[in-house]
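Trainee: Start from the sequences and build out the full structure, keeping to the hints where you can.
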Amino acid sequence: MQEEKFSPQESLHLISETISKAKASYHDTGIGPILWGCVVTICGLVSFYASMYKISWLYSVWFLTIIAIVPQILISIKERKQRKFVSHNDVATSAIWTTFGFSMMVLSIIENIMRAKYDLGMHSAVYMLVYGIPTIITGSICNIKSMVVGGILCWIFAIASTFFPYPFPLLFMAASAVVAWLIPGLMVNAKYRKQKAANV
Amino acid sequence: MFKELDPILHSQLRLAVVSLLISVKEAEFTFLKEKTNSTAGNLSVQINKLKEVEYIEVTKQFKDNYPQTICRITKKGIDAFETYVKALQGYMNPNGQ
Numbered sequence: 001m002q003e004e005k006f007s008p009q010e011s012l013h014l015i016s017e018t019i020s021k022a023k024a025s026y027h028d029t030g031i032g033p034i035l036w037g038c039v040v041t042i043c044g045l046v047s048f049y050a051s052m053y054k055i056s057w058l059y060s061v062w063f064l065t066i067i068a069i070v071p072q073i074l075i076s077i078k079e080r081k082q083r084k085f086v087s088h089n090d091v092a093t094s095a096i097w098t099t100f101g102f103s104m105m106v107l108s109i110i111e112n113i114m115r116a117k118y119d120l121g122m123h124s125a126v127y128m129l130v131y132g133i134p135t136i137i138t139g140s141i142c143n144i145k146s147m148v149v150g151g152i153l154c155w156i157f158a159i160a161s162t163f164f165p166y167p168f169p170l171l172f173m174a175a176s177a178v179v180a181w182l183i184p185g186l187m188v189n190a191k192y193r194k195q196k197a198a199n200v
Numbered sequence: 001m002f003k004e005l006d007p008i009l010h011s012q013l014r015l016a017v018v019s020l021l022i023s024v025k026e027a028e029f030t031f032l033k034e035k036t037n038s039t040a041g042n043l044s045v046q047i048n049k050l051k052e053v054e055y056i057e058v059t060k061q062f063k064d065n066y067p068q069t070i071c072r073i074t075k076k077g078i079d080a081f082e083t084y085v086k087a088l089q090g091y092m093n094p095n096g097q
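These protein sequence lines are chains A and B, in that order. Note that the working numbering has the first sequence beginning at 1, numbered continuously upward. Note that the working numbering has the second sequence beginning at 1, numbered continuously upward.
Everything labelled a hint here was simulated from the structure, so no lab data went into it. Treat the hints with caution; some may be incorrect.
[To be verified] Straight-line Cα separation of at most 25 angstroms, PhoX-like style, residue types lysine-lysine; simulated pairs:
1. A:Lys23 to B:Lys75
2. B:Lys25 to A:Lys84
3. A:Lys84 to B:Lys60
4. B:Lys25 to A:Lys23
[To be verified] Partial list, derived from the structure: chain B residues whose beta carbon lies under 8 angstroms from chain A:
5. Glu26
6. Glu52
7. Val53
8. Ile78
Where is the CB? At the ideal position from N, CA and C, for every residue including glycine.
Mentor: Next comes the structure, spelled out in structure tokens:
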């Protein structure tokens, strides 16, 4: 780039062009949503099966959500190392999903305390409601339409699940994870791979 | 009457650097070099100029045993950029002033 004075028109053109370049540099891998989409789908389906066939030990499948934190941390560290810049979106989404993670922990504690008093189907509806919030916000911030749609579907599934007896709300929960994270994650990853191949 | 354009920003490479940094929270030197198509030497000089007037902050650290330079825009830099863009708009649309 030459170091010379230039006209106001050229200045404005340079600013808009450079800002577009910065925006175009942001590529999410989608690995995180794929991971959590798979984990929650498996947990939902296995616990549905456990409930249908009264296999109580299978409920411990939900420990997968704790184990999955380890690969999530490793993925985050790897992506951070490869990243040449930190976008404002990164900061916002990181805060949103960290808050979501802690909300899930609090919700699990509340669920365990109140298990005897309240309907389990109600808990599934609350989980789906909470799944939808960070998903819609992330989809809106990062302009990922499939995530916005997935988040809205989480809320629709939350309402729909209340019309079915337990354990059927668990199937809605698995479906929520598929539409909110797994499908958008796969779509984002496909886009990432395409852009990566184009840059090689 | 046209506002005088900030001479620090009214330079292609410095303006490109500030425009990039305003779009992100922070960026590595290599990212700025890649996006501005500049040479390391020239970019380094311009970054130092922006740092001297406190438009950007520069942090030098090590990443995997390699030196890493991270730049981020300051509040003063954001204000200067906004003033610069407003002045440019004045040039583009003098009747609107």
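Trainee: Take the hints in turn and mark each one as holding or not.
Mentor: Results of checking the hints against the structure:
Taking the CA atoms of Lys23 of chain A and Lys75 of chain B, the gap is near 21 angstroms; set against the 25 angstroms cutoff, the hint holds. A C-alpha spacing of about 11 angstroms is found between Lys25 of chain B and Lys84 of chain A, which places the hinted pair at or below 25 angstroms, so the restraint holds. For a cut-off of 25 angstroms, the pair hint linking Lys84 of chain A to Lys60 of chain B stands: about 14 angstroms separates their Cα positions. The suggested pairing of Lys25 of chain B with Lys23 of chain A holds, with an alpha-carbon distance near 12 angstroms, which does not exceed 25 angstroms.
For Glu26 of chain B, the interface hint holds, the least distance from its beta-carbon to any beta-carbon of chain A being 5 angstroms, beneath 8 angstroms. A hinted interface residue such as Glu52 of chain B counts as satisfied when its beta carbon comes closer than 8 angstroms to some beta carbon of chain A; here the least separation is about 16 angstroms, so the hint is violated. Annotation: Val53 of chain B was flagged as interfacial toward chain A, and the flag is violated, the nearest CB pair being 17 angstroms apart, outside 8 angstroms. For Ile78 of chain B, the interface hint is violated, the least distance from its beta-carbon to any beta-carbon of chain A being 12 angstroms, above 8 angstroms.
Of the numbered hints stated above, those contradicted by the structure are hints 6, 7, 8, listed in ascending order.
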